[in-house]
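Taken in sequence, the protein lines are chains H and Y. Counting in the working numbering, the first sequence tops out at residue 900, every number present. Counting in the working numbering, the second sequence tops out at residue 701, every number present.
It should be emphasised that the hints constitute simulated quantities derived from the structure, not laboratory data. Note that the structure is predicted; figures quoted are calculated from it, not measured. Warning: the hint list may mix true and false statements.
Derived contacts from chain H toward chain Y, CB cut-off under 8 angstroms, selection only [stated by the list, open to error]:
# : residue
1 : 844
2 : 863
3 : 877
4 : 900
The calculated lysine-lysine pairs, modelled on DSS-like cross-linking and capped at a C-alpha distance of 30 angstroms, are [what the hints assert, rightly or not]:
#  : chain 1 : residue 1 : chain 2 : residue 2
5  : Y       : 571       : H       : 878
6  : H       : 878       : Y       : 623
7  : H       : 828       : Y       : 675
8  : Y       : 626       : H       : 797
9  : Y       : 536       : Y       : 624
10 : H       : 797       : Y       : 623
11 : H       : 878       : Y       : 626
Beta carbons are placed, not taken as given, at the ideal position from N, Cα and C, and that holds for glycine.
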Amino acid sequence: MNAKLTYLLASAAVTAAVTYLVRVIPLAVWRGRFKNAYIRSLFTYVPYGVLAALVFPGVLFSTESMIPAVVGGLTALGLSLAGGKLLLVSGASVAAVLLTGLILRIF
Amino acid sequence: MNTRLTFRQGIIDALPIFFGYFSVSIAFGILSATRGVPVWLATAVSMTAFTGTGQFVWIDLIASGAAIIETLLTMLVINARYFLMSLSYSQKLPANMTLWQRLVVGFGNTDEVFAIAMTRDEPLNFKYLLGLILCSYCGWISGTAVGGLASGIISDTILSALGIALYAMFIALVVPPAKKSKPVLAVVLGAAALNTVMRFIPFLEFLGDGWLVIVSGIAAAAIAAAVFPVKEESETEAAPDETEHEAENIRKGAAVK
């Protein structure tokens with residue numbers, strides 16, 4: 794095996810090992826529920842906070858330009874408010890981005 | 445109203461992740477190929493690491509010939525946020541889940557799988573999570589291989605449009621609970637605002653997007669937890685209806701003092 798490949802493999806192995814251990818240790822160690830009321834409230838809200846931060850402002854830069862991204866984001870927001878399911882919202886949003894891109898190219 | 449959380453339901457729920465991952469990992473496959481990483485190795489990295497940010501940083505590291513210890517430390521810093529997410533996740537897993545099941549679920553704890561799992565009202569089970577993880581995993585791996593083999597064939601327009609799939613999914617996940625619960629709405633608006641503001645603070649640039657997301661998410665949740673504490677539930681460990689009850693409270697905002 795050449796040195797370059799050995800290096801790539803070692804580096805890839807470290808990447809995989811660190812990523813896995815960091816993700817799995819809390820799940821393997823903490824089996825029960827936290828007793829402290831504040832901590833429990835905190836962890837109830839954390840997923841929603843993280844989700845919202847994942848969406849905004851990242852969504853604005855998720856496609857090749859901002860206008861299709863805004864149209865796609867608003868499509869997703871509108872359909873979600875109307876009670877649309879995950880796959881529908883996601884598919885319609887991709888379609889809206891494609892369509893907007895197409896229209897922008899024509900004009 | 446309640447969907448049964450079967451393996452099949454897990455696959456279906458993760459389809460948006462499949463398409464989102466497919467488009468992102470194609471980019472990873474293409475980038476790897478341009479840096480002289482063989483397709484089989486790029487695919488192996490996706491199979492073993494199964495992480496977006498970490499893998500793109502890995503490309504930068506090997507391109508600059510970073511030492512192994514540098515790679516190790518960088519990965520620790522980038523991935524430390526997963527530690528907090530897994531901690532939050534551990535609170536929602538059924539207490540009777542076996543160790544090896546936890547070892548599998550931990551492997552699949554990506555931002556997107558976490559998001560779907562944590563916003564389900566129903567108590568989680570291993571089969572459902574396995575469906576979520578497998579479907580997402582297939583998207584991630586197939587995209588990497590396709591990107592490495594067929595770079596240049598896939599239209600940039602389609603790839604770019606698929607880029608919004610994951611964001612749309614996040615929106616669909618966060619809107620229903622935010623509609624039903626004022627505290628959740630406050631957390632959502634607060635976290636988005638904080639994250640936006642922090643992005644414009646030059647000093648914080650070194651943190652990277654992943655950290656800004658987790659810091660603003662936790663900060664908003666920390667404030668909400670103080671202002672709107674969630675009412676104590678019974679101490680019986682992980683009885684299925686307990687989790688459901690808790691979720692119900694959150695949805696109605698009834699848990700607020």
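Going through the hints against the structure:
{"no.": "1", "hint": "844", "verdict": "holds, 5 angstroms"}
{"no.": "2", "hint": "863", "verdict": "violated, 10 angstroms"}
{"no.": "3", "hint": "877", "verdict": "holds, 7 angstroms"}
{"no.": "4", "hint": "900", "verdict": "violated, 16 angstroms"}
{"no.": "5", "hint": "Y:571 x H:878", "verdict": "holds, 21 angstroms"}
{"no.": "6", "hint": "H:878 x Y:623", "verdict": "holds, 15 angstroms"}
{"no.": "7", "hint": "H:828 x Y:675", "verdict": "holds, 12 angstroms"}
{"no.": "8", "hint": "Y:626 x H:797", "verdict": "violated, 55 angstroms"}
{"no.": "9", "hint": "Y:536 x Y:624", "verdict": "holds, 20 angstroms"}
{"no.": "10", "hint": "H:797 x Y:623", "verdict": "violated, 54 angstroms"}
{"no.": "11", "hint": "H:878 x Y:626", "verdict": "holds, 22 angstroms"}
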